[in-house]
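Participant: Following the hints, position chain B against chain A.
Number of protein chains: 2
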Amino acid sequence: MILSALLTSVGINLALCLLFFTLYSILRKQPGNINVYAPRLVAEGKAQQRGRFNLESLLPTASWVKKAWQPSEDELLSIVGFDAVVFMRIITFSLKVFSVAGVLGIFILLPINFVGTQLSEDSSDLSSKSLDSFSISNVNDGSNRLWIHFCAAYIVTGVVCYLLYYEYNYISSKRISYFYSSRPQPHQFTILVRGIPIPSGSTCSETVESFFRENHPSTYLSHSVVRRTSKLQGLISDAEKLYRRLAQLKLKNHTSQRFGRDGFLGIFGHKVDLLDHYEKKLEDVEHKVRLEQSSLPGKEVSAAFVSFKSQLGAAVALHIQQGINPTEWVTERAPEPHDVHWPFFSSSYLKRLIRTLLVFVACAALTILFLIPVVIVQSLTNLEQLETWFPFLEGILSLYVEILLHNLLNLILPKVKACHGFFFFLHKIMHFSNINDKGMCNMLVCRTVVSQVITGYLPSLILSTFLSFVPPIMIMFSSMQGYISHSQIEKSACIKVLWFTIWNIFFANVLSGTALYQVSVFLEPQKIPSVLAEAVPAQASFFIAYVVTSGWTSLSSELFRLIPLLCNFFKRVFSGKDDDEFEVPSISYHSIIPKVIFFGLLGTTYFFLSPLILPFLLVYYCMGYIIYRNQLLNVYAPKYETGGRFWPIVHDSTIFSLVLMHIIAIGIFGLKKLPLASSLIIPLPILTLLFHEYCQKRFLPIFKAYPNECLVKKDKEDLNDPTITEFCENLVTAYRDPALSMQYPGSTDGRNSPLLHSA
Amino acid sequence: MILSALLTSVGINLALCLLFFTLYSILRKQPGNINVYAPRLVAEGKAQQRGRFNLESLLPTASWVKKAWQPSEDELLSIVGFDAVVFMRIITFSLKVFSVAGVLGIFILLPINFVGTQLSEDSSDLSSKSLDSFSISNVNDGSNRLWIHFCAAYIVTGVVCYLLYYEYNYISSKRISYFYSSRPQPHQFTILVRGIPIPSGSTCSETVESFFRENHPSTYLSHSVVRRTSKLQGLISDAEKLYRRLAQLKLKNHTSQRFGRDGFLGIFGHKVDLLDHYEKKLEDVEHKVRLEQSSLPGKEVSAAFVSFKSQLGAAVALHIQQGINPTEWVTERAPEPHDVHWPFFSSSYLKRLIRTLLVFVACAALTILFLIPVVIVQSLTNLEQLETWFPFLEGILSLYVEILLHNLLNLILPKVKACHGFFFFLHKIMHFSNINDKGMCNMLVCRTVVSQVITGYLPSLILSTFLSFVPPIMIMFSSMQGYISHSQIEKSACIKVLWFTIWNIFFANVLSGTALYQVSVFLEPQKIPSVLAEAVPAQASFFIAYVVTSGWTSLSSELFRLIPLLCNFFKRVFSGKDDDEFEVPSISYHSIIPKVIFFGLLGTTYFFLSPLILPFLLVYYCMGYIIYRNQLLNVYAPKYETGGRFWPIVHDSTIFSLVLMHIIAIGIFGLKKLPLASSLIIPLPILTLLFHEYCQKRFLPIFKAYPNECLVKKDKEDLNDPTITEFCENLVTAYRDPALSMQYPGSTDGRNSPLLHSA
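The listed protein sequences derive, respectively, from chains A and B. Count the first sequence with the working numbering and you get residues 53 to 811, in order. Count the second sequence with the working numbering and you get residues 53 to 811, in order.
Treat the hints with caution; some may be incorrect.
Same chains, same label: a pair holds when it works inside one copy or across any pair of copies.
Claimed, not checked - Here are the simulated SDA-like cross-link-like pairs (lysine to any residue), alpha carbons at most 20 angstroms apart as the crow flies: (1) K749 - R404; (2) K765 - I376; (3) K623 - P637; (4) K766 - S262; (5) K579 - F558; (6) K768 - T271; (7) K333 - F708; (8) K765 - Q170; (9) K623 - A114; (10) K118 - S531; (11) K361 - T775.
The hints are simulated quantities; they were obtained by calculation from the structure and are not laboratory data. Note that this is a predicted model, so its numbers are computed, not measured.
Isolated chain A (complex conformation) (with noise of 0.2 angstroms):
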């Protein structure tokens, strides 16, 4: 890729990002998009609804930059909690690493590749250079010049670490205070134990209260028994359903709609009376609902929520192995009340590991599919050996590619002539076979701006569509797994989602761009380094176009909210009033915690080899630093709260960036012919693992459970506090299954039952 086109590139995603923040900006102040831009002040009744209409209000102004700059961390804290600030930390620590490596990297590093001449290319043109020009393949073979590039290494490792470890010495006495500010909570005095043995003749809940009054007689306070609820909850949300419509028909109140045919679709079937129809079906869901719950004492799973009078007691129960065989009385962490996943509670060991075994081979499955798009991906930044290889393409992908882009181009760059492409779009599509000379003129011209825009722009965009659709694929894995939380289901899910991006989106384009057979390479260890330090500088121009498209354009359809705008907008014109019941959406940490760790990974890679992609990177952070602490305020409210348990994964992957550089480098000094260089950075690697280790023990410890120390001073503050018996007595019945806590007072009218009110 040469200059031009990563400028090119540039160029729209920064006017695509302009005119996103100018759209955003006036679009936030329309009093009808509130749910969408600020839900989470609409939900805790701090947005002022405005005035119906003001000319001011259609100006952009950058009036929520400073209100997004301005909230300290602690008042960050206070308002959306610890994982919040956790994942600000994330962006902030981020920052302040590629400041470092960007200072290096832009102002030395950068200068000494650019004066270099292996690559001996003579073009006097910057913009017409190879991106190759500014990256370390320039620098003359044996160079002593390269040492700069040794100690870079060694200094940004360096700072790496050091930053690494305040962060997570930061992050975790946080969590202790956090935790000592904490009210007390349903979840810090409860265990779920699965595997419960259940002697016949005796039920689960029994068992259990035995069990713990025997062992436990001083902590023990209550239990509840879990139970499988699927159908129970499929009724209910059946019964959701109906009542929505019934009060969509209700406020609608037009005869015309109240009758409809109940057939397929509404379509076929006989003309009745909707409105009865529907109450009628809501009686009869609500019917078996009450069956369901009358059958109950059936339906136990070995599995319940032990919660203890103090947290001590909780933390000895969840530490101590309970049983004589390890695989029954099988103690973990309960989540928070809400937290809890409720439709999948399996109770078996045995199933658990045979599940996680096929979400295994699942993700594997998913993993190698995936490589297909990819590679095809890979093949559009090199057009030219596309068409080579495939003959026939080059008028089915000239036509078609052309169309959608050039239409897109005239919108963008003012340089085409707005109605140019139009006109010739139209006259190629009548007279296919017949292009005169003024048309093979402009599409010369055009297929070079158009192979700029595929090279720079379209496979990366291929490539983010794709990947939107791994997050939930691997929620839904995760949530095979057996987990027993959403927040579990999220963080396993972000590891997921984060290795299967590091492999295909790194590994995949680099091996691919090369040689996709050279995936073997990892049968045979000793040859990595020197066959990604050939690969990895090769897909440096891919990967500094992927920043700016996916990782600018994530960030500001991420501010923009383009779905939830539409559906807003669409909800507003059919249904003609604002709908009060909306939901809060939750920030999904498990899809965007990868992408930024991802784009730790790409500047820790390539900060040394091509520095170019550092003030992008740079760019990306800053702007993510705002348009995130922006929704975090305005739009998404806390679902639950680990209390960071997300930093881990961010240390733990950066170390792999680190080691994976190291790699690289060790091939690169190989390639570069400074053998010396190559040698004397193995210790690197073996240092940075070393001190992986220790945090591994000096922090690790902390993030996976409350320390005795704290257990007792809390406890003992509890004591004091005069709420605690309240709190205890609400213990009781915090872990019951929200499907079998509704009460039917004998009403059989759907509008009035509680259970539908609660919908």
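Facilitator: What follows is chain B alone, placed relative to chain A:
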């Protein structure tokens, strides 16, 4: 190696074993040897001293076999402790496995191998047939008979897994019942705390006291701070030595011996009264000891043994992270008081990490250096090859080896004339360059025999000699790692010796047998099966010989106890009386268990390649069963009790053997042109590893800690125990360093000092 060479080797070793057994059965009845062959019984006062001499006692009898056979497992448990029972179960487990494998191998696989024609050896003489014709190599390529080998692999894997599960289950339930039946012991109520953060202006003892009073108010009992006593211990051992010498001098009471010289080795220096001299020295040392003891408070190590009022209290403190910083207040299970390894008390986590790394490097270095003797030994089995490489060796080797072994042969094999060898030997020495025709002929005959001995006997003898140095070295390494108890050191050394043996005996022999450079195969995992499949069967004869020589010999020397016998003999001869002060030895599991496991690995990997190994293994395990029972009952006293913690090592390594066998099978069926069988073996290692994973979850936690259920039950029982108050009082002082607990009653007379009496 041909069959007759193997038979020679078997003959020699069988004769040696019988000789040792006969000698043992005679010598054990001699009254003077009772300290050698039944020190345990002597120490327990159970051995009845026989009359001075008895003709009957010169006749070899087998009554000891009967005595060793008789006790049931429960009797054994009550006499020798749980660890010894577990050790015997390792042997019975191996016996069971190889009985099944033996029946399969000898009656089914061996005939199939033998009727094959792949190696097409036309020797009709059975004794000169190569051992390879009994191995799988002789089965024709692509023959359907190989499916029987395939089935055998599945059957044996199934049997081994079933037996593994059964044993793990049995031993873990025994472990629990042993715990229930045991009297309260100090280590069950105590934990070791390391990394105590001592605030300035406070002592370690105060810090520990206040921390545990604060955080474990209801269960904390007492603590004793560990002190650095290496200097003191040095002084005490000096004093002990001096005291022994004094005692000896007084016993002899010869004036002639009372005077000696005080200089180097008693040779130089002034002539002095030794009695006075030593007493003076002793006083001096004692004075220093007192000085050391009085200057104690400055030498606290930041570690302490903390005792609790209940076992549950200790478990709570053990399992829950105590301090906020996980590298401070690190808790560890306390060993039994007499099991504590006092000299090595290093407290800081970082120091231990560095030491562990250093030990790792040292182990690696030892493993690599050890390859040198292995390679030399291996080349001995290919004597001809060696002579081609180093022609000058021919003369030297022939001469010296023949001198040594010819005489040995003359003693054992009647077919070689009795005196022939000696004359031949003299003849050769005298007229080395002047060999006449008869000598030449003799030499040829001799060479054949010697060559058989060399290839069949010498290699494994040399190997065993070198190997005998390994366990002490590994013990040294493990004690450097900072373990705090002898049992942990021994367990860690056991694992080290085991992997060392597997690597240096199995892999080094297998790979050097074909070509040493193939060690690099471990860098290319996909080639491992085929390389192993080629190399492993080629070494079958070596390993059969190894079982016979190293295995059988080690057992008979274990029984015969040559070195203690000689020591005892010389002591009696020179000191003129039976020494009352003798130490009951303890069994060194770290050298025996790896041996037993390693023979299991050989059997598992070779049972379908070369089933001829199985009868020899069965003989080994049968002899081992009787001999170790005998030794455990008569000789060894348990030094400490780990509660069967050696079993998981056996389990893990058996799984490793199985998977290794599967990998070889994959390669073999590939080589034998039966690719379908090769692919159908692949599920086997996967299933085995899943089984292992399940066992780890199911049983391993029981070996790591006792579950809550047991602790609560035991604590309740203890409460009803009338001796518990006294026990708690003793607990306070149980973990005092023995070097510190000695009191001086003001007497300066070394002979009355309690310090010296305790020695």
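Participant: Does each hint hold? Answer for all of them.
Facilitator: Checked hints:
no.: 1; hint: K749 - R404; in the structure: between (28 angstroms within a copy, 13 angstroms between copies)
no.: 2; hint: K765 - I376; in the structure: between (31 angstroms within a copy, 12 angstroms between copies)
no.: 3; hint: K623 - P637; in the structure: within (17 angstroms within a copy, 87 angstroms between copies)
no.: 4; hint: K766 - S262; in the structure: between (28 angstroms within a copy, 18 angstroms between copies)
no.: 5; hint: K579 - F558; in the structure: within (18 angstroms within a copy, 28 angstroms between copies)
no.: 6; hint: K768 - T271; in the structure: both (14 angstroms within a copy, 17 angstroms between copies)
no.: 7; hint: K333 - F708; in the structure: neither (56 angstroms within a copy, 62 angstroms between copies)
no.: 8; hint: K765 - Q170; in the structure: neither (65 angstroms within a copy, 77 angstroms between copies)
no.: 9; hint: K623 - A114; in the structure: neither (28 angstroms within a copy, 98 angstroms between copies)
no.: 10; hint: K118 - S531; in the structure: neither (39 angstroms within a copy, 62 angstroms between copies)
no.: 11; hint: K361 - T775; in the structure: within (14 angstroms within a copy, 33 angstroms between copies)
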